[in-house]
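Starting from the structure of chain A, add chain B where the hints point.
Chains as they are written, first to last, in our numbering: chain A, 42 to 350; chain B, 10 to 333.
Please note that the accuracy of each hint is not assured.
[Said to hold, decoys possible] Below are the SDA-like pairs computed for lysine to any residue, each with C-alpha atoms no more than 25 Å apart in a straight line:
1) Lys212/B - Gly342/A
2) Lys28/B - Phe176/A
3) Lys229/B - Pro271/B
4) Lys239/A - Tyr161/B
5) Lys239/A - His131/B
6) Lys90/B - Ser253/A
7) Lys92/B - Asn265/A
8) Lys48/A - Ser226/B
9) Lys90/B - Ser59/B
10) Lys84/B - Glu13/B
11) Lys84/A - Gly342/A
12) Lys80/B - Asp109/B
13) Lys260/A - Ile133/B
14) Lys28/B - Glu13/B
15) Lys229/B - Leu49/A
16) Lys48/A - Asn205/B
17) Lys101/B - Leu49/A
18) Lys80/B - Gly93/B
19) Lys83/A - Arg160/B
20) Lys56/A - Pro271/B
21) Lys80/B - Lys212/B
22) Lys255/A - Met267/A
23) Lys179/A - Lys212/B
24) Lys274/B - Pro289/B
25) Lys255/A - Tyr161/B
Don't read these hints as lab results, they were simulated from the structure. None of the values given here were measured: they were computed from a predicted structure.
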Amino acid sequence: MMDENVKLTPDMFEKLPDSEKNNEQIAVEAKTYLQDAWNRFKKNKLALIGLVFLTIMILYAILGPILSQYSYDQQNLNLQHQLPSAAHWFGTDKFGRDIFVRVAYGARISLAIGFSAAAINLLIGITYGGIAGYFGGKVDMLMMRFVDIIYSMPDMLYVILIMLILGDNPFLAIIIGISITAWVNMARQVRTQVMTLKQQEFSLAAFVLGASRKRILFKHLIINCMGPIIVSVTLMVPSAIFTEAFLSFVGIGINAPQASWGTLANEARQLLERYPIETIWPLAAICLTMLSLNFIGDGLGDALDPKKK
Amino acid sequence: MSEEILKVEDLKTYFDVTKGLLSKKQIVKAVDGVSFTIYKNETFGLVGESGCGKSTLGRTIVKIYDPTGGKIEYKQKDITKIKGAELKQFRKSVQMIFQDPYASLNSRMTVGEIIREPMEIHHIYDTSEERDNRVRELLNIVGLKADHIRRYPHEFSGGQRQRIGIARTLALNPDFIVCDEPISALDVSIQAQVINLLEKIQKEMGISYLFIAHDLSMVKHISDRIGVMYLGNLVEVGPSDDVYHNPLHPYTKALLSAVPVPDPKLAKSKKRIVLEGELPSPINPPSGCRFRTRCPNATERCAKERPGMVQVGQRQVACFLYEK
Chain A
42 MMDENVKLTP
52 DMFEKLPDSE
62 KNNEQIAVEA
72 KTYLQDAWNR
82 FKKNKLALIG
92 LVFLTIMILY
102 AILGPILSQY
112 SYDQQNLNLQ
122 HQLPSAAHWF
132 GTDKFGRDIF
142 VRVAYGARIS
152 LAIGFSAAAI
162 NLLIGITYGG
172 IAGYFGGKVD
182 MLMMRFVDII
192 YSMPDMLYVI
202 LIMLILGDNP
212 FLAIIIGISI
222 TAWVNMARQV
232 RTQVMTLKQQ
242 EFSLAAFVLG
252 ASRKRILFKH
262 LIINCMGPII
272 VSVTLMVPSA
282 IFTEAFLSFV
292 GIGINAPQAS
302 WGTLANEARQ
312 LLERYPIETI
322 WPLAAICLTM
332 LSLNFIGDGL
342 GDALDPKKK
Chain B
10 MSEEILKVED
20 LKTYFDVTKG
30 LLSKKQIVKA
40 VDGVSFTIYK
50 NETFGLVGES
60 GCGKSTLGRT
70 IVKIYDPTGG
80 KIEYKQKDIT
90 KIKGAELKQF
100 RKSVQMIFQD
110 PYASLNSRMT
120 VGEIIREPME
130 IHHIYDTSEE
140 RDNRVRELLN
150 IVGLKADHIR
160 RYPHEFSGGQ
170 RQRIGIARTL
180 ALNPDFIVCD
190 EPISALDVSI
200 QAQVINLLEK
210 IQKEMGISYL
220 FIAHDLSMVK
230 HISDRIGVMY
240 LGNLVEVGPS
250 DDVYHNPLHP
260 YTKALLSAVP
270 VPDPKLAKSK
280 KRIVLEGELP
290 SPINPPSGCR
300 FRTRCPNATE
310 RCAKERPGMV
320 QVGQRQVACF
330 LYEK
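Chain A with its partners taken away, still in its complex shape (with noise of 0.2 Å):
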């Protein structure tokens, strides 16, 4: 410290001119969250192109059935197994059915299962691992032991049980199938991230103002962990896309005429050796959806974090 003799007396201070008072300014002009997380997005290329191609691949199961003057389920016995031509973009199958008309349906069935079973997964995973992760103690110990017992089971026995019972309706089935089992990997993750971020001095300094614990929970330790949380729910999107068309594959999917990506790939592989054009539009399909999902993750996660520049 100082020395004790030193006196210091108002005369040996200057005033600070005014032209040195904005020294502590900051240039870049301010921007809202999503104008930066947008601008921290539109940098990583890759991740822009999966968006293009995902946009493209909605649009397509959209409009693909209302444009086109072929439906899902007309036959032509006349056109079996054509080749891709001016009338039939992508050929017809051995029904002699539309292949672009089928696939753009099998879209729509494909997604809308993906998406909703991750809309459902992060919903239950993020509550579930968050306020386990945040009470601990005998909370997070019961909530736990109770996610174990679901993971100790192969999820497939579910999916299939649950297939049985609403056998009538099978994309519930199937969206219900997934979502019970696959949350359990979300809720671990939110849990073992809530668990470090809480002991953080933010999370004590809102505690400290008198924060409810929802709102600790949701508005300071959830959006924490945003990053990772968006990263796995855009890698579940595929792989609940993937669990469908495993099912449909081995035919307890979407029933016949009704066509999602996997039983398109079934239909096909069955004559793969004399038609191998055929499976590769729902094959395509399926690894162009999930290669941009990943990669918009990807790009989301970094976005996401306003301290990557």
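Below, chain B without anything else, positioned relative to chain A:
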């Protein structure tokens, strides 16, 4: 001095650190029977080495941790077990400034949102416009610019972030603030700025501080009275000049002999008391006087009995040396 604002009596905060179901119960006695009083408009400095329980004490007072035993009185009212509306009222009046300005601000919120939050929680002002005006006013008070309102914390330096933290606590117009090592994470030049800001706020708003730190000279500078802690106990309490220039307790003497002196001539003549051994674990503290294992003046009595506070002039010392 004037009326008392905070009175702590025999406060104990223990933590259960038992691992597994079957192992022996292990308890950390972080704060073990501490009593002191803080008066209105006063700054009470709390010093001690790391791990002595001073932060735990601060956090118990603002009710982040529940005390295991003892009593906390705030403005003559027992607040040890309050809940609900009473607790909310208490939170409005007693605030805390945290140690690490990089961890104490939510990085997903703008400065405006951070400072507005306490007003939203306690429903101060009705419109967001009024709140925004107050935020600008507060930013001005702590020496930041009103147009920083839409910035994110990571755009600021450590000192500026600490100012944001101070503005957040001031939003509630508190009467008492616990400063938990508010300057130890900052650079020396910035430390002085923040200390001056805290002093200015105290003068203008009549706030009392509990100032926790491990830098004795800084604590002496800002505090009216100082309390010295060792292993969960308060060993000496007194006016800051007295404690600083004429320490009584053997631990305070050792602590002060370690303060560096800027004058090399003086430094040579100064005798440094080097303590033997390590800080004992608070899970299994020594019997009797906590300091006896490292104390140069320890006697047999120190192992058997725990020394109470002895009044020496304006000071209180927990040591048998000063008993008559």
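Status of the hints after comparison with the structure:
1. Lys212/B - Gly342/A: violated (46 Å)
2. Lys28/B - Phe176/A: With Cα atoms ~19 Å apart, Lys28/B and Phe176/A stay inside 25 Å; holds.
3. Lys229/B - Pro271/B: holds (16 Å)
4. Lys239/A - Tyr161/B: holds (20 Å)
5. Lys239/A - His131/B: holds (22 Å)
6. Lys90/B - Ser253/A: holds (18 Å)
7. Lys92/B - Asn265/A: Not satisfied, since the Cα-Cα distance of roughly 29 Å exceeds 25 Å.
8. Lys48/A - Ser226/B: Given that 25 Å is the threshold and the Cα spacing comes to 17 Å, the pair holds.
9. Lys90/B - Ser59/B: Since the Cα atoms of Lys90/B and Ser59/B sit roughly 28 Å apart, the hinted pair is violated (cutoff 25 Å).
10. Lys84/B - Glu13/B: Holds - the C-alpha atoms of Glu13/B and Lys84/B are around 7 Å apart, at most 25 Å.
11. Lys84/A - Gly342/A: holds (13 Å)
12. Lys80/B - Asp109/B: Between Lys80/B and Asp109/B the Cα gap is close to 29 Å, so the pair fails against 25 Å, i.e. violated.
13. Lys260/A - Ile133/B: Status holds; Cα separation ~19 Å.
14. Lys28/B - Glu13/B: violated (41 Å)
15. Lys229/B - Leu49/A: holds (18 Å)
16. Lys48/A - Asn205/B: holds (17 Å)
17. Lys101/B - Leu49/A: violated (38 Å)
18. Lys80/B - Gly93/B: Satisfied, since the Cα-Cα distance of roughly 19 Å is no more than 25 Å.
19. Lys83/A - Arg160/B: holds (21 Å)
20. Lys56/A - Pro271/B: This hinted pair is violated, its Cα atoms lying about 28 Å apart.
21. Lys80/B - Lys212/B: This hinted pair is violated, its Cα atoms lying about 29 Å apart.
22. Lys255/A - Met267/A: With Cα atoms ~16 Å apart, Lys255/A and Met267/A stay inside 25 Å; holds.
23. Lys179/A - Lys212/B: Violated. Lys179/A to Lys212/B sits at ~47 Å, over the 25 Å cutoff.
24. Lys274/B - Pro289/B: This hinted pair is violated, its Cα atoms lying about 35 Å apart.
25. Lys255/A - Tyr161/B: holds (23 Å)
Of the numbered hints given earlier, the model fails hints 1, 7, 9, 12, 14, 17, 20, 21, 23, 24; all others are met.
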